[in-house]
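In order, the protein sequence lines correspond to chains A and B. Positions 1 to 440 (full-length UniProt numbering) are the ones given, in order, by the first sequence. Positions 1 to 440 (full-length UniProt numbering) are the ones given, in order, by the second sequence.
It cannot be assumed that every hint is accurate.
For identical chains, the list gives no copy identity; a pair is met inside one copy or between any two copies.
Okay, derived cross-link-like pairs now, DSS-like style, lysine-lysine, Cα gap no bigger than 30 Å in a straight line [stated by the list, open to error]:
1. K407 x K418
2. K90 x K342
3. K6 x K407
4. K407 x K232
Simulated from the structure, these hints should not be mistaken for lab results.
2 protein chains.
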Amino acid sequence: MNGDQKPIGVAVLGLGNVGSEVVRIIDESATDLAARIGAPLQLRGIGVRRVSADRGVPVELLTDNIEELVSRDDVDIVVELMGPVEPARKAILTALEQGKSVVTANKALMSVSTGELAQAAEAAHVDLYFEAAVAGAIPVIRPLTQSLAGDTVTRVAGIVNGTTNYILSAMDSTGADYGDALAEASALGYAEADPTADVEGYDAAAKAAILASIAFHTRVTADDVYREGITKVTAADFASARALGCTIKLLAICERLTSDDGHQSVSARVYPALVPLTHPLAAVNGAFNAVVVEAEAAGRLMFYGQGAGGAPTASAVMGDVVMAARNRVQGGRGPRESKYAKLPISPIGDIPTRYYVSMRVADRPGVLAAVATEFGNRSVSIAEVRQEGIDDGGEPRGARLVVVTHKATDAALSETVKALASLDVVQSVDSVIRMEGTSE
Amino acid sequence: MNGDQKPIGVAVLGLGNVGSEVVRIIDESATDLAARIGAPLQLRGIGVRRVSADRGVPVELLTDNIEELVSRDDVDIVVELMGPVEPARKAILTALEQGKSVVTANKALMSVSTGELAQAAEAAHVDLYFEAAVAGAIPVIRPLTQSLAGDTVTRVAGIVNGTTNYILSAMDSTGADYGDALAEASALGYAEADPTADVEGYDAAAKAAILASIAFHTRVTADDVYREGITKVTAADFASARALGCTIKLLAICERLTSDDGHQSVSARVYPALVPLTHPLAAVNGAFNAVVVEAEAAGRLMFYGQGAGGAPTASAVMGDVVMAARNRVQGGRGPRESKYAKLPISPIGDIPTRYYVSMRVADRPGVLAAVATEFGNRSVSIAEVRQEGIDDGGEPRGARLVVVTHKATDAALSETVKALASLDVVQSVDSVIRMEGTSE
Numbered sequence: 001m002n003g004d005q006k007p008i009g010v011a012v013l014g015l016g017n018v019g020s021e022v023v024r025i026i027d028e029s030a031t032d033l034a035a036r037i038g039a040p041l042q043l044r045g046i047g048v049r050r051v052s053a054d055r056g057v058p059v060e061l062l063t064d065n066i067e068e069l070v071s072r073d074d075v076d077i078v079v080e081l082m083g084p085v086e087p088a089r090k091a092i093l094t095a096l097e098q099g100k101s102v103v104t105a106n107k108a109l110m111s112v113s114t115g116e117l118a119q120a121a122e123a124a125h126v127d128l129y130f131e132a133a134v135a136g137a138i139p140v141i142r143p144l145t146q147s148l149a150g151d152t153v154t155r156v157a158g159i160v161n162g163t164t165n166y167i168l169s170a171m172d173s174t175g176a177d178y179g180d181a182l183a184e185a186s187a188l189g190y191a192e193a194d195p196t197a198d199v200e201g202y203d204a205a206a207k208a209a210i211l212a213s214i215a216f217h218t219r220v221t222a223d224d225v226y227r228e229g230i231t232k233v234t235a236a237d238f239a240s241a242r243a244l245g246c247t248i249k250l251l252a253i254c255e256r257l258t259s260d261d262g263h264q265s266v267s268a269r270v271y272p273a274l275v276p277l278t279h280p281l282a283a284v285n286g287a288f289n290a291v292v293v294e295a296e297a298a299g300r301l302m303f304y305g306q307g308a309g310g311a312p313t314a315s316a317v318m319g320d321v322v323m324a325a326r327n328r329v330q331g332g333r334g335p336r337e338s339k340y341a342k343l344p345i346s347p348i349g350d351i352p353t354r355y356y357v358s359m360r361v362a363d364r365p366g367v368l369a370a371v372a373t374e375f376g377n378r379s380v381s382i383a384e385v386r387q388e389g390i391d392d393g394g395e396p397r398g399a400r401l402v403v404v405t406h407k408a409t410d411a412a413l414s415e416t417v418k419a420l421a422s423l424d425v426v427q428s429v430d431s432v433i434r435m436e437g438t439s440e
Numbered sequence: 001m002n003g004d005q006k007p008i009g010v011a012v013l014g015l016g017n018v019g020s021e022v023v024r025i026i027d028e029s030a031t032d033l034a035a036r037i038g039a040p041l042q043l044r045g046i047g048v049r050r051v052s053a054d055r056g057v058p059v060e061l062l063t064d065n066i067e068e069l070v071s072r073d074d075v076d077i078v079v080e081l082m083g084p085v086e087p088a089r090k091a092i093l094t095a096l097e098q099g100k101s102v103v104t105a106n107k108a109l110m111s112v113s114t115g116e117l118a119q120a121a122e123a124a125h126v127d128l129y130f131e132a133a134v135a136g137a138i139p140v141i142r143p144l145t146q147s148l149a150g151d152t153v154t155r156v157a158g159i160v161n162g163t164t165n166y167i168l169s170a171m172d173s174t175g176a177d178y179g180d181a182l183a184e185a186s187a188l189g190y191a192e193a194d195p196t197a198d199v200e201g202y203d204a205a206a207k208a209a210i211l212a213s214i215a216f217h218t219r220v221t222a223d224d225v226y227r228e229g230i231t232k233v234t235a236a237d238f239a240s241a242r243a244l245g246c247t248i249k250l251l252a253i254c255e256r257l258t259s260d261d262g263h264q265s266v267s268a269r270v271y272p273a274l275v276p277l278t279h280p281l282a283a284v285n286g287a288f289n290a291v292v293v294e295a296e297a298a299g300r301l302m303f304y305g306q307g308a309g310g311a312p313t314a315s316a317v318m319g320d321v322v323m324a325a326r327n328r329v330q331g332g333r334g335p336r337e338s339k340y341a342k343l344p345i346s347p348i349g350d351i352p353t354r355y356y357v358s359m360r361v362a363d364r365p366g367v368l369a370a371v372a373t374e375f376g377n378r379s380v381s382i383a384e385v386r387q388e389g390i391d392d393g394g395e396p397r398g399a400r401l402v403v404v405t406h407k408a409t410d411a412a413l414s415e416t417v418k419a420l421a422s423l424d425v426v427q428s429v430d431s432v433i434r435m436e437g438t439s440e
């Protein structure tokens, strides 16, 4: 290993927050990176939408001809940081077909197109790394694919979207409504101009698909992930959650399920959930991410850190770049796609969880009995009931009734909610939120 | 990849808690492991001190001839779980020289003999993995050597010894003295009959040496690690810590230091420290482990989980076994020892930290001035002072004075303590404990 080794050529696609940091690290840490890899990294070019002189890098490195850049003979590793699905997909496929190793942070792409890309990497005998696609700087892909390769993962549950966690943390700590918390997040740069991908859970669902795929050795795409966003969570829900010793978090949950007759399946789902304050994920606030992994032998592990941002994401990207470069120098490849288990995906209707149901009811005798009967009729067992008077000047005066159930399937709960809504004594069912992190 | 591949032969050395779990997983997860590796694992033999029929495994697998077992032609991977340094060292060297890949959980060995073993692995072009040597099931070696390979690690601080964490957690929650907490830990199986390696910090120091070596690309051995155990921590220290908003934890700290003239060095040290209750490590209780890694781009990451025990440690071992086996099947090797940076080790005297000093003083005017003068004379700045009366029936009546300093070097503090002890008004200096996790 020495500096006389033939350099490893790198092309970076995209020069946003992450791309700029990657370019900076390749430059400023050149000596260290060369020592760790056994050959120097050489930045061959940066693909951008429009070439201009004010991008903070030598303009001769810039090109808007992505296809040409990724096909250059002196490029060994392509770092894709353009997002979203296209034109990233095409660029990565071209790179793989040309025998380049690829590092990407593109969760949207990796959650829909993983099979196609994995096959192209396999055919070319090159690496396709994507640690930065999930939870930014926090190592989760490598621990799941390598450190836990000899164990049986049973569950992965995480807070993997910083924007929604920032909004929910603000609602929890200030009592703000969703709209106000979103406005604050936007003003501070924690939410994008169009926050749909974050607040509706699409971003978290993409990450859930990736996590479920590698945790359970089964190909899971974003379409397989059940998804609810946070836009309907109210200040009243947070108040009720607190009274129940909980907070509310948007969780990505990947679970290995075993039926009574021993058949295994996979569930991947994203939704806001009540989480007990004693659960480790309850304390993950603001723009931080955390992933809890449960495995048969390892027990419960937690990984915590910054889930987004230019520098943290660049750290994960550069870890992959160094590994891909080492493999180029020393021979060998990182782990390939592992999809041998081919477990079926469980529909959300089959998934047993606990539920919190908040409804507005008439404030008169017999209401609780009527409500409880509907739960009982569908074998949904009630764990806790809370009733509070509401005085909003309306007529007739109503009360807020909160019911927390034991574990029930989504199908049974959905039927119960439909029946509740048609009861005379129930004015409205305002919230149905799952509860996670408790065992009963 | 299919089951027709030539099997990968495995020899397991040691059949204690971890070895038994490894053997169980190789057997019970055989199908999954074969699919992940691309070839089946085949257990060729188990090295034990005495062969006997009551070990829960087929007796024909057992042998007390370790050297013969690790040299067998049909063994590809040797899993060393015997500890301590010898005979493990000799067995591993033989295995490496015979071209076997080696997986070990032996922190004592890896912290004294890493260079010798790394060279043997290098010469034979085989893998030497040791994820299980630090923090049991928690992936820390792989994240540091791979995920953070493109970043600059500045600090690793962890609770890496479950026995001492159990004892300190018990002292904190029950107010027990060290002796009682140790006795309870022993009765419950959390402390060994001879707890010296744990309570005197030798185990944590071995892990600190390993962590510092990989984090800073510098060879650090156990002898380079400054070490203090927990045997002198008192119930009074915990009471004072709590009054200061802290708890006390045995920390392993690895730090990259940069001097005023830009020279870098490494500090590796183990001692009990006051940790603010708001710090993530403060909440790590009982037999759990956690490692906080700080890196320039990634920011602060935390890894949390079970740091010991048969099954969790076996999970880490099996992850390494699968990776070593994959490399055998597909070609390639894991990361080699990286020691290019060759940073010097800073002596403890140069390390600036904050200090908590507890002393018994005469209860009369002028005491604080005299004490404060000694701190000031050595440029040790005082952040906080607390005085409590002590009524233990002794004469003359004394008081307990607790001083918390701003950052000072160990050398300056040591001189101060010496001077304090010789003051007339100071009856005794009872505790000097560092404080970590605060910035001032």
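Which numbered conditions among the earlier hints are violated in the structure presented, ordered from lowest to highest? Violated hint (a single one): 3; every other hint is consistent with the structure.
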